Structures are given as C-alpha cells and as structure tokens.
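The listed protein sequences correspond, in order, to chains F and C. When you line the first sequence up against my numbering, it's residues 1 to 169, in that order. When you line the second sequence up against my numbering, it's residues 170 to 330, in that order.
If you are wondering where the hints come from, they were derived from the structure by calculation, not from laboratory data. In this text, all values refer to a predicted model and were calculated from it rather than measured experimentally. Quick reminder that beta carbons are idealized off the backbone N, C-alpha and C, glycines included. A couple of the hints might just be wrong.
Among the chain F residues that face chain C by a calculated CB cut under 10 Å, a handful are [stated by the list, open to error]:
| no. | residue |
| --- | --- |
| 1 | Arg52 |
| 2 | Arg104 |
| 3 | Arg106 |
| 4 | Arg107 |
| 5 | Asp111 |
| 6 | Arg120 |
| 7 | Phe121 |
| 8 | Thr124 |
| 9 | Thr135 |
| 10 | Gln136 |
| 11 | Glu139 |
| 12 | Ala159 |
| 13 | Gln160 |
| 14 | Ala161 |
| 15 | Arg163 |
| 16 | Pro164 |
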Amino acid sequence: MKYKTWIYALLLLALGVGVVIHQWDRDKRRINKRLSQLQEAVAKETGEGHLRTLAKSQEVVGFFTPEAELRLRPLLSQRLTRRELSTIFYQVHSSVDRLQVRIRDRRLDVDTASGTASMRFTATGTVHMGGRAETQMHEFHLQWVRRDREWYIDQAEIAQAIRPPGGNR
Amino acid sequence: MVRRILIGRRPRQTLIRTLILAVVCYAVFRFAFLPVYVKGDSMAPTYRDASLNMANTLVYRFREPTPGEVVVIEMAGRRTMFLKRVLAGPGDVVYFEDGLLMVNGRSVDEPYVMKHGTWTTEPENLEPDEYFVAGDNRAMPWEWHTMGVVHRSRIAGRVVF
Chain F
1 MKYKTWIYAL LLLALGVGVV IHQWDRDKRR INKRLSQLQE AVAKETGEGH LRTLAKSQEV
61 VGFFTPEAEL RLRPLLSQRL TRRELSTIFY QVHSSVDRLQ VRIRDRRLDV DTASGTASMR
121 FTATGTVHMG GRAETQMHEF HLQWVRRDRE WYIDQAEIAQ AIRPPGGNR
Chain C
170 MVRRILIGRR PRQTLIRTLI LAVVCYAVFR FAFLPVYVKG DSMAPTYRDA SLNMANTLVY
230 RFREPTPGEV VVIEMAGRRT MFLKRVLAGP GDVVYFEDGL LMVNGRSVDE PYVMKHGTWT
290 TEPENLEPDE YFVAGDNRAM PWEWHTMGVV HRSRIAGRVV F
C-alpha cells in the first residue's frame, strides 16, 4: 500500500513538472509565432495594393500594447507611439516596391510568473526601390507582456553593435 | 565493391575513424573557426559580395585586436555578423579628414583602400575596450556605411582568409 502511494506521488509529481514545462514552452512557442507573424506583416511583396498596405499597418499595430515605447534609432529618430508607427509603416510600405525581412539569432527569456519576456534577435531587411536593393542589419531588443492570454510588445529598441561617429563636420 | 569502398575491410575501425573525424570537425567549426559568407560591398575590394571566408574565433582569447586586422562583429548571435577592419584601439583619438584616416593627429596609410572618398567625421576618443572599425569601401557615403565604435566584447574573431 505504502509502495503504491509512493508510485502515485511520483506520477503526480512527474505530471506536474510536465505541465509546468509545457506551460513554459507554450509561452515561448507563442511569442516566437507572434514574431514570425509580425515579420510576415512587415514584409512586402511586389504589387501589394494600398488597401492591403492599410490593413497591414493596422495589423502591425496590433502586435504592440497601447502604451508601447518604440526607440528605433537609427531607423527612426524619434520615440514613437503606436499611432505614429502605423502612419510611418504605411508611408514606408507605400514608397517601396518590395521589402524582405529575415530574423536570425533569436534569444528569448520568458518570466512566466510575471507575464513578461525579453527577446533579442538580428533582423536583416532588404528594400527594393526603383530597381535598386539596399540591405540593412539591426539588432533588436523587444520586451513582451502577456495581456488577456496573449503576448504584446511593450518596448522595442534597436541595439547598435557599432555606434556611428558623432556626425559629419 | 561499393560497400568495401564505403566502409572498408574493417567496418568497426571505419566507424571509429568517422566518429573521431566528426567530433574533430564539430570542435574546430564550433570553437575555433567560423565560416563567413560575405553579403554586401562594404569591405570591397578586399572581400567581395558572395565570397566565403573563414574567421578564427580563438585568437582574441589570447591577445587583443590590433589596427589593420579584419574582424567579425557579433550582433544578437553568430549567424548574422558584421565584417569590418579595425582602424584604432583603446586610448586612440580617431577621425576621417576628407577621406584620410587620422589616428592621434597623424594620417594613416591604408594600402587596402582603393578609393579614399571624402569622409569627414567628428573625432572619437576611444575608451578602454573600445575599437574603431570601418569597411574598406570608402567610395560610398559614410552615412550609408555601418562603421564607428564597437565594444571589445562584440569582436568575435579575426578573418584569416
């Protein structure tokens, strides 16, 4: 009898650990999926219409919390609100022919208890405009928060691996 | 015949050799050398777009980077990195004056640069653990070129060929 109790206790413990690991993994999987969706929304294929661009600018905004803080120097110089981001996104998307985004070296730390996550990755963006293509690489730091069982970006920042010199004299 | 060529007369020895070779290859490419595929023209003409090169990631564990060396610079990880030349090190004051590289008030000869261009930048006082890096292609406007100050911790290795 005692032996059986031990077996049940161990099984329950294993089940508990399994549930915790699955829960932790679920958050990680969800955030990674959200980032992939954002990457897809930011990209632009040739021939994308204005209505699609407008829809995408709304879609992109939906990945951020209403009070999100965006510090995207040197891409964009000022701190942005969600609304400003939507406008700039629409303008940029309308002016380029094609935009390809590639994300690599993802590093994600999730704090399940507090519902926050910190993420780092390198994004490579290739802009095709007027027959020319230009590629830029940036390291991004994102802070995610969980709200109503969904993850949103609360802070986005570009970390400069190489700090440019003070400016032209 | 094919079987004999593939696994040899002594399959057990072949297996052991294959395993040793795999472990050595893994260790070499994981800890000592890093294949670098170049994208872009910022290091032209020294390293051209789409060329494949190799970086030694062990060398800077034993010594510090020195000006003139081409290094790989980490971003969030090691799958996408910058390839740049070290132009000045800790304690130096560095800037460009009408395309000429000036370090501590003196112009530096750069044989690897084909066209010097017209870059003119503000002087940078490099702190300990800071290095000034730039590409060899100075023909492009400096605002389009990723260059400037990098922290020592981001320098992952030296390009050897």
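Evaluated hints:
Here the hint on Arg52/F is broken, as its CB sits about 29 Å from the closest CB of chain C, past 10 Å. The criterion of a C-beta within 10 Å of any C-beta in chain C is met by Arg104/F, whose closest approach is roughly 4 Å, and the hint holds. The restraint placing Arg106/F at the interface with chain C holds, with a minimum CB-CB distance near 8 Å, inside the 10 Å limit. Interface hint status for Arg107/F: upheld, as the beta-carbon distance to the closest one in chain C is roughly 6 Å, under 10 Å.
Of the supplied interface hints, the one on Asp111/F is violated, with its beta-carbon coming no nearer than about 19 Å to a beta-carbon of chain C, more than 10 Å. A hinted interface residue such as Arg120/F counts as satisfied when its beta carbon comes closer than 10 Å to some beta carbon of chain C; here the least separation is about 4 Å, so the hint holds. With its C-beta approaching chain C no nearer than about 5 Å, Phe121/F sits inside the 10 Å limit, and its interface hint holds. About 6 Å separates the beta-carbon of Thr124/F from the nearest beta-carbon of chain C, less than 10 Å, and the hint is met.
For Thr135/F, the interface hint holds, the least distance from its beta-carbon to any beta-carbon of chain C being 6 Å, beneath 10 Å. This hint holds: Gln136/F has a C-beta 8 Å from the nearest C-beta of chain C, less than the 10 Å allowed. Taking 10 Å as the C-beta cut-off, the interface hint given for Glu139/F holds, the closest approach to chain C being about 4 Å. Restraint check, Ala159/F versus chain C: the minimum CB separation of about 8 Å is within 10 Å; hint holds.
For the restraint placing Gln160/F at the interface with chain C, the shortest Cβ-Cβ distance is roughly 8 Å, inside the 10 Å limit, so the hint holds. Hint status for Ala161/F relative to chain C: holds, with the closest Cβ pair at about 5 Å, below 10 Å. Proximity of Arg163/F to chain C holds as hinted, the smallest CB-CB distance being about 5 Å (cut-off 10 Å). With a cut of 10 Å, the hint placing Pro164/F at the interface with chain C holds, because the nearest CB-to-CB distance is about 4 Å.
The structure fails to meet hints 1 and 5 from the earlier list, while all remaining hints are met.
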